[in-house]
Amino acid sequence: MCNSTTCYHALPMLRGLSGRRSRARASRESRNRSNNTLLYFILAVIVFEEVTQVVAGRDYYDILGVSRDADSSTIKRAFRKLAVKYHPDKNPGDKTAEKMYVELNNAYEVLGDNSKRQRYDMYGEDGLKGGEQDGDADDFFFNPFGRRNRQRERRVPDVSVPLSVSLEMLYNGGVMEVSHKKRVICSRWSDCESKCTKCGGSGMIITTRRLGPGFVQQMQQTCPTCGGTGKIGKPNCKSCPKGQFEQVEKMLLIDIEKGMRNGQTITFDGQTDEKPDHYPGNLHFEIDTKEHDRFQRDGNDLHYYLDINLSEALVGVDRIVRQLDGREVSIQTRGVISPKERVVIEGEGMPAFDGVGRGNLVVEFWVQFPETLTDEQRKGVIEILGKPPTKDETGDGTSSASESADTEKTEL
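Numbering (UniProt numbering), first residue to last: 1 to 412.
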């Protein structure tokens with residue numbers, strides 16, 4: 001056993017040993033933290049490279065020669081211009097042009113469709129084949145467990161409205177002005193907001209349900225007071241006297257391209273009603289062709305119904321038809337025309353939407369017969385065309401049978 005003096009001398013030694021052990025333990029913990037940090041960094045780099053590899057691939061924006069923030073109309077115009085340039089009909093036997101034409105169509109199929117374009121922007125070409133990842137690089141750096149922030153993905157649904165367009169506009173192309181009204185959030189609404197007292201600003205509340213003795217169930221749900229925003233409006237706020245929303249009217253210039261058809265859409269990005277904590281949706285105008293009083297469209301062909309009189313049906317037609325662009329088109333025939341007979345004038349139909357060629361103009365003749373004729377007119381027709389057949393000449397057998405019976409009686 002040690003005496004008290006010896007124990008007192010050993011105490012500083014024990015304290016020194018304990019300090020060295022603490023420092024060693026702290027050093028190990030520091031190294032472990034450093035190793036963990038390095039591991040997370042390496043893993044983040046790997047994920048980033050994988051995401052980059054997914055996004056890398058064919059650059060559809062580069063193929064069409066547009067920027068990544070180009071709107072739908074710009075993308076459509078770029079595609080049409082290049083499609084005309086590389087169309088196989090204009091480059092017969094050119095394999096390079098043929099390949100480029102295929103790539104242009106593939107690029108426009110994606111960038112011309114808003115949902116496909118969003119997937120392509122986020123995941124690249126593989127994302128269009130069902131290879132979406134659970135998160136992107138930003139999601140990993142800020143949330144390495146792969147739980148994505150659904151809040152930022154919420155979006156107001158797209159809206160489609162019919163757009164009544166004249167056949168002349170679809171034939172010639174042009175720009176239409178359309179007044180568009182939408183609901184927007186007051187620009188100073190942030191001055192009228194306060195923290196929700198129900199959820200404390202979190203947007204979520206916890207509800208507890210007792211299942212039995214000693215058992216309870218807690219459930220998280222969206223706050224019914226603020227709708228999940230975490231904020232509520234102040235009553236009678238002077239910054240926004242009309243409330244959170246107000247209606248604005250805007251003139252939209254809609255580019256109508258030659259040859260567009262029923263059902264085709266023209267898209268304006270972000271032009272739907274606004275909603276808190278949501279991205280605005282897109283506004284789609286769907287072409288609806290107005291009925292024309294003279295022409296009917298059938299694909300790229302135009303049908304024109306021309307009324308002619310009996311004289312024209314017999315001796316021929318020499319008429320002028322005014323085309324949808326104001327030009328005069330000559331309609332000439334020689335010989336007899338039957339009712340509903342057609343004449344086809346090539347290249348006078350609707351322009352093709354892809355810019356290559358035109359349809360045909362199909363003229364259908366409707367013969368208008370006179371309701372009455374004077375005695376003099378009847379004589380004139382008989383002199384020219386001959387006397388109409390009588391009952392005896394119709395071949396119905398009635399007169400000939402009667403004559404046969406009379407003859408037989410005479411012979412008896």
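Since the hints were derived computationally from the structure, they do not count as laboratory data.
Treat the hints loosely; a few may be bogus.
Here are the simulated lysine-lysine pairs, DSS-like style, with alpha carbons at most 30 Å apart [claimed, not checked]:
no., residue 1, residue 2
1, Lys181, Lys90
2, Lys275, Lys181
3, Lys116, Lys238
4, Lys231, Lys275
5, Lys81, Lys95
6, Lys90, Lys258
7, Lys181, Lys250
8, Lys195, Lys90
Here is what the structure says about each hint:
The straight-line distance between the Cα atoms of Lys181 and Lys90 is roughly 44 Å, outside the 30 Å bound, and the hint therefore fails. Between Lys275 and Lys181 the alpha-carbon distance is near 15 Å, which keeps this suggested pair within the 30 Å criterion. Restraint check: the Cα-Cα separation between Lys116 and Lys238 comes to about 43 Å, which exceeds 30 Å; the hinted pair is violated. Restraint check for Lys231 and Lys275: the C-alpha separation of about 14 Å stays at or below 30 Å, so the hint holds.
For the hint linking Lys81 to Lys95, the alpha-carbon distance of about 19 Å falls within 30 Å, and the restraint holds. Restraint check for Lys90 and Lys258: the C-alpha separation of about 19 Å stays at or below 30 Å, so the hint holds. A threshold of 30 Å between alpha carbons decides the hint, and for Lys181 with Lys250 the separation of about 6 Å falls inside it, so the pair holds. Of the supplied pair hints, the one linking Lys195 and Lys90 is violated, its CA atoms being roughly 65 Å apart against a limit of 30 Å.
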